[in-house]
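Enquirer: Sequence:
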Amino acid sequence: MAKSSAASPWRPLATLLAVVLALGLWSYLGPSRTPKLGLDLRGGTQVTLTPRVSEGTITDDQLKQAVDIIRQRVNGLGVAEAEVSTQGQGASASILVSVPGVSEQGIADVLKQTAKLAFRPVEQLAAGAPASASTSSSASASASPSPTASTEVIFAPYESTANDAALQNAFANIDCTNPAVRQGGVPDDPTKWIVTCSKDGTAKYLLQPAFIEGTSIDNAAAGVPQGGTTWLVTLDFDSDGTKKLADASTLLYKQTSPKNQFAIVLDGLVSSSPYFSEPILGGQAQITGTFTQQEATDLANILKYGALPLTLEIAEVTSLSPTLGQDQLNAGLLAGALGLLLVAVYLLVYYRVLGLVAVFSLVVAAIITYFAFIILGAQLGFTLTLAGVAGAIVAVGITADSFVVYFERIRDEIREGKALKAAINAGWGRARRTILVADFVSLLAAVVLYWLSIGSVRGFAFTLGLTTVIDIAVAFLFTRPLVVLFGRNKWFSSGSPMTGLDPNRLGVTSISTPHARSTYAESIGE
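Every letter in the sequence shown is one number past the one before it in this note's numbering, and letter 30, counting from 1, is 30.
Treat the hints loosely; a few may be bogus.
[Said to hold, decoys possible] List of simulated lysine to any residue pairs, SDA-like, C-alpha gap at most 20 Å:
no. : residue 1 : residue 2
1   : K192      : E159
2   : K259      : T191
3   : K259      : G227
4   : K254      : T288
5   : K259      : D236
The hints are simulated quantities; they were obtained by calculation from the structure and are not laboratory data.
Can you make the complete structure from the sequences, with help from the hints?
Expert: See the structure below:
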């Protein structure tokens with residue numbers, strides 16, 4: 001990379017220009033030309049839910065499962081940074097749901113629905129990516145019309161009254177690898193055929209109408225059988241579920257894969273898809289596999305509480321004003337602008353013309369970041385919150401640090417006796433490793449923070465990680481080649497005090513020709 005950009009600095013600059021223009025065009029032609037703002041910046045709706053049970057007491061497991069299902073539901077509305085939390089315990093507990101930019105009626109209608117858990121026979125199964133226009137689904141086991149390619153985005157679950165050509169086309173072209181496609185949160189009709197995705201997007205399913213609904217499950221538990229070593233999930237069904245399970249398992253266990261499988265579907269997405277190895281006649285079943293303890297426990301909770309045994313009553317629905325958030329946003333943007341200005345002033349005073357490279361790089365990084373916010377908001381539902389703004393402001397320091405590392409390496413190489421052009425190349429070779437290591441540490445911290453946190457903290461981590469990646473791209477595709485171009489300029493090579501590489505300040509006789517290292521040693525009294 002160093003030799004290539006030094007030999008032809010215009011190539012990476014042209015590449016970066018093409019990327020910026022493409023991002024700008026994408027942002028301009030998209031549904032919105034501004035970033036989507038989060039709850040604290042644009043307001044939204046807050047719903048207070050009061051859980052009720054017909055008998056017994058409300059357990060922490062029930063509340064946790066209800067929160068997980070509700071969080072999936074509200075994210076299915078196409079929003080992000082929704083906040084779902086609990087207050088209190090037991091009979092006095094309540095669930096608070098805060099969603100940005102959604103009407104009171106819209107969120108209330110969604111939360112009033114009961115989550116649908118269903119067992120569906122698997123008709124077809126394939127990898128999560130869409131099929132090509134010329135290839136029909138290889139998993140099809142029935143004589144159906146070959147699906148044709150479609151540019152229409154198909155969201156899970158896609159429903160149909162029959163296994164017709166439209167359903168086959170949906171199965172072929174649904175892109176389960178796209179997180180926006182598999183948001184879920186949409187209770188499916190158990191009497192219809194559906195095309196849907198696994199929760200992780202690795203597989204897509206064409207499923208028959210349900211043979212058992214979640215209300216037929218009496219109990220589910222994770223455990224290790226006596227004398228065994230692997231985790232499994234045990235199920236107990238009521239009398240109606242026992243009969244339906246016996247009929248379905250007797251029919252399906254004889255089928256070849258994947259038709260001997262059944263999908264456990266919660267709110268439109270497949271949580272698991274085990275298979276029948278024999279008929280199950282006693283109303284008790286076991287789901288085995290390569291489960292970890294956590295995976296088995298999570299699946300048992302889905303089966304046990306998937307149908308939301310809690311009746312959620314809407315106690316209060318209120319609109320949240322964005323006024324306070326707007327004031328905080330203005331204050332945050334002002335702080336960021338002042339910080340950026342101070343960094344720019346310092347760079348210009350200390351590095352002079354060389355500091356202009358840093359300022360231009362900061363501007364380019366800011367433009368790319370802004371376009372990325374717009375595109376991610378439109379494609380993935382990313383919303384910018386105050387925490388995200390803080391992450392972007394922190395990134396200013398990370399980006400400026402990359403410039404300082406590179407510029408100081410150049411100055412050190414000149415003090416070591418190299419001419420300017422050689423110092424620019426040698427300095428980049430050393431600075432590049434330092435920049436990559438520093439950015440990797442920052443990126444690693446952002447990834448860990450993202451996976452271990454929820455809510456607005458994840459927004460901070462995501463923004464920090466995104467801007468760190470942008471910093472690396474700008475350093476390699478803009479800062480480095482621009483410094484190379486400056487180094488080829490006759491005036492810049494003259495060592496004028498305005499270049500930031502004044503020989504007198506560096507303790508050398510010249511920056512345009514090689515010189516003895518002892519020159520610098522003598523200048524500092526060694």
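Enquirer: Now look at each hint and say whether the structure bears it out.
Expert: Hint-by-hint comparison with the structure:
Among the hinted pairs, K192 with E159 is consistent with the structure: their alpha-carbon atoms are about 6 Å apart, no more than 20 Å. A C-alpha spacing of about 18 Å is found between K259 and T191, which places the hinted pair at or below 20 Å, so the restraint holds. Proximity of K259 to G227 is assessed by CA-CA distance (about 31 Å); at most 20 Å being required, the pair is judged violated. For a cut-off of 20 Å, the pair hint linking K254 to T288 stands: about 18 Å separates their Cα positions.
Proposed proximity of K259 and D236 is contradicted: the alpha carbons are some 23 Å apart, above 20 Å.
Figure legend: structure checked against the earlier numbered hints; hints not met, in rising order: 3 and 5.
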